[in-house]
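Taken in order, these protein sequences are the chains called A and C. Residue 239 in UniProt numbering sits at position 239 of the first sequence, with consecutive numbering throughout. Residue 50 in UniProt numbering sits at position 50 of the second sequence, with consecutive numbering throughout.
I should point out that these hints are in silico values taken from the structure, not numbers from a laboratory. Predicted, not measured: the structure shown is a model, and the values here were computed from it. Don't be surprised by glycine CBs; every beta carbon is placed ideally from N, CA and C. Take the hints with a grain of salt, since some may be wrong.
As the list claims (entries may be wrong) - Output of the computed footprint for chain C on chain A, the stretches with three or more beta carbons under 8 Å from beta carbons of chain C: (1) 45 to 53; (2) 88 to 98.
Unchecked claim - Just so you have them, the derived chain A footprint on chain C, three or more residues with Cβ under 8 Å: (3) 170 to 178; (4) 184 to 193.
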Amino acid sequence: MLQFDDLRLRVGGTPILRGVTLEVAAGEAVGLVGESGSGKSMTVKSVVRLLPPGSRTEGAVRFDGVDVSSLDAAGLRRMRSRDVAMVFQDPRAVVNPVRTIGDFLTEVLRDQGVGRTEATRRAARALSEVGIGDAVRRLHQRPYELSGGLLQRVVIAAALLTGPRLILADEPTTALDVTTQEEVVAILNEQRAARQVALMFITHDLELAAAVCDRIAVMYAGEIVEVLPAAALHAGARHPYTRALLNSRPGAVAPGERLRTVPGVPQSALTAPPGCVFADRCPHAEARCREVRPVFDGSAACHLLEAR
Amino acid sequence: MSAMSIPMPLRKPAAKRGAAPVAGLFCALIVLVAIFAPWIAPYDPDALDPLNAHAPLSARHLLGTDDLGRDLFSRLIHGARTSLAGPLIVILAAGTAGAILAITAAWFGGWFDALISRTLDVLFAFPGLVLAITVAALFGSGFVTPVAALSLAFVPVIARVMRAAALRERNLPYIEALRVQGFSGWHICVRHLVPNLAPLLMVQAAIGFGYAMIDLASISFLGLGLQPPAADWGLMIANGQPSILAGFPQQSIAAAVAVVITVVAFTAVAERLATRFGGDHAPVR
Chain A
1 MLQFDDLRLR
11 VGGTPILRGV
21 TLEVAAGEAV
31 GLVGESGSGK
41 SMTVKSVVRL
51 LPPGSRTEGA
61 VRFDGVDVSS
71 LDAAGLRRMR
81 SRDVAMVFQD
91 PRAVVNPVRT
101 IGDFLTEVLR
111 DQGVGRTEAT
121 RRAARALSEV
131 GIGDAVRRLH
141 QRPYELSGGL
151 LQRVVIAAAL
161 LTGPRLILAD
171 EPTTALDVTT
181 QEEVVAILNE
191 QRAARQVALM
201 FITHDLELAA
211 AVCDRIAVMY
221 AGEIVEVLPA
231 AALHAGARHP
241 YTRALLNSRP
251 GAVAPGERLR
261 TVPGVPQSAL
271 TAPPGCVFAD
281 RCPHAEARCR
291 EVRPVFDGSA
301 ACHLLEAR
Chain C
1 MSAMSIPMPL
11 RKPAAKRGAA
21 PVAGLFCALI
31 VLVAIFAPWI
41 APYDPDALDP
51 LNAHAPLSAR
61 HLLGTDDLGR
71 DLFSRLIHGA
81 RTSLAGPLIV
91 ILAAGTAGAI
101 LAITAAWFGG
111 WFDALISRTL
121 DVLFAFPGLV
131 LAITVAALFG
141 SGFVTPVAAL
151 SLAFVPVIAR
161 VMRAAALRER
171 NLPYIEALRV
181 QGFSGWHICV
191 RHLVPNLAPL
201 LMVQAAIGFG
211 YAMIDLASIS
221 FLGLGLQPPA
231 ADWGLMIANG
241 QPSILAGFPQ
251 QSIAAAVAVV
261 ITVVAFTAVA
271 ERLATRFGGD
281 HAPVR
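Next comes chain C alone, as it looks inside the complex:
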């Protein structure tokens, strides 16, 4: 062979990659902030300082203080923990359950597939947020209940897409070839089906993460999630409401901006993953 090199468009030019790299960096930053919150936050997020309530933005208090004199910047940083952990748990739980249901349904087919698919359809027809609110109202607010309810609500969202993909994959000739080689269904599923579906599952999880975050923030905002004095973005938006009327909107604004930017960043990364792995299955909402 000659030493001639053919330029291959392996990397897209920066302009075509869009905002994904920036968004990715931001996501990484947010995650780091959440992990190291106690070391980054300049103040104890729960330390009251009534004499210093509604302090304006300053070098000492970057975002000022709330109506009880708590440092808003510190609360925002600590809020990242529950605000990220909630959606993360939802996605891990719903992703695992959804993928298992989808693959077993696609693999066995027949009445088993029909049973799982119809059950998921029924669940799918019920809006996730409403389900989570109902469950929280019935079983009490807090962190666990809304997260558990929302996990359940996200199962059909992920399972639907995964089942369609698993069904297509299952009918490819290489699966038949593996069966002729005498491999068990378990071996084929675990060693071939799951790894080949993993990129799509990852995309689904990344897209779902943004939605789960908004839903959990909404639940907190409605007072059915974490309770005061917890530092949580959704809760901060709600708690800042009275202060808006008093002329101090920074708490609600800061928390709302944090939610929006984080969701946008995760979604941008998810969409980039989706185009990268060819899984153009945006979850239907």
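The shape of chain A in the complex, shown without the other chains:
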């Protein structure tokens, strides 16, 4: 349903994405993990062409086989309002603070020509579906009257309301209280799974990604270095970077011990060397790793794996 075909993105000359190739099937949940600045958000935003001014793309993002960059203004709006929905990091920032929850939820429906009563009825139902009781009262409240977790559930309800086929979730729990994170993700996943909606889920949390997603794509310095089934995250990780990330998890060491880190400084797409992006931090790097860029073979991009 969704294909990234060697997507490259430059913003004002600065490379952000250096060739992202990934497929998301209908109803499938794909997690995007990686360090800050690895291009996760930009990859996801390129689906709805939400790119900063001065962006130049090469390659293609195809939704239902249609190159997103070829859509005209009306086509883009139609895709944004009907096919794809987005859940952002901070729910408080993405809801107009002076409008009621009801306004927020019904606005898209009203814009699509749904009557006021019908829109309100559907908004109330959407709220109860994400576990918000007392929906009618909530519709009259304003964002500041709701907690972060509750508001994120409202945002999820809004995302599901128009019956999209793909939800883009950009770190939907980062801004939330730790105690509500799990709950919010559970609701998001439960609802989207029930409707067979595909999901692209950005997170820093490998465990969370493994729990929610079918497949996990690991990004580093503007490219995807490994894609693997979520179930095989621990056993099946092949790329040295993925393994280094897994080693850095707090759970990987005994309590009281010093947490492990990936040595060195994260590369960005801008400073990426001609060879493998991870070469200078990789414990197994060889001479060719520094000189020749490894080819992504559909599961990983690493010279050392090709040899085996």
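With the hints as your guide, set chain C onto chain A.
Positioned in the frame of chain A, the structure of chain C alone reads:
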């Protein structure tokens, strides 16, 4: 939940609210006086009574009469009409044009924003009063010309502040979220940007009102605004000048006091609005 009530400082104590409530009442009073002037004024403001010229303050003529025997109190009341209507039109015109320019500039950005902003900067560099006087001198005095010229001069004053606010608002994540939901730029501007900027625009308009009033009174005073025998405060100050030397200063004083009190009252209300809505952007003059 328990029935415990937490006292919330929803209303500021009277002392901290300052003079704004009084000023607000005064503004309302002035507006009512202007609207109902023909019914309130005891005399026809233009009725001459040469035999009764320069009458002193009395029960019959509260502020006395001018050099032609016209009742000054009635003229002051009628003067409120043009003296308020002028600034009102200036603010409505400049506020509308300024807000539209500011929001379109902030929304589209790039060269369009640069074009509008630089044009406004050029206009801003030219003092409004001088512009209005020049235009009035070129195209004739009266009510319309100075008001039109001053409206033009006030556009950059309002547009500057509004553009800065619109730019900040436009870059908030909720606008991006609305775009992802597939709303058109027009929908986002009209339904979200404009309502969220409206309080600031209101504050700007209220502050600008006082300035516009002083400027229009100045233009009338200089003889480039309304012409005699019109009853207008700025004009009354000017027309009363010869009488000051003759020992009858009440016309100039009454009109000047009316201008000053009204401007102060509107500004006090504006400042209260500004603190209330957090828009601490006093227009730069």
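Hints, one by one, checked against the model:
Counting residues of the region 45 to 53 of chain A whose beta carbon lies closer than 8 Å to any beta carbon of chain C gives 3, which reaches the threshold of three, so the coverage claim holds. Taking a C-beta to C-beta cut-off of 8 Å, the region 88 to 98 of chain A contributes 8 residues in contact with chain C, enough for the three needed, and the coverage statement holds. Counting residues of the region 170 to 178 of chain C whose CB falls under 8 Å from any CB of chain A gives 6; the rule of at least 3 is met. Under a criterion of three residues with beta carbons nearer than 8 Å to beta carbons of chain A, the stated coverage of the region 184 to 193 of chain C is upheld, 4 such residues being counted.
Hint compliance for this structure: no hint is broken.
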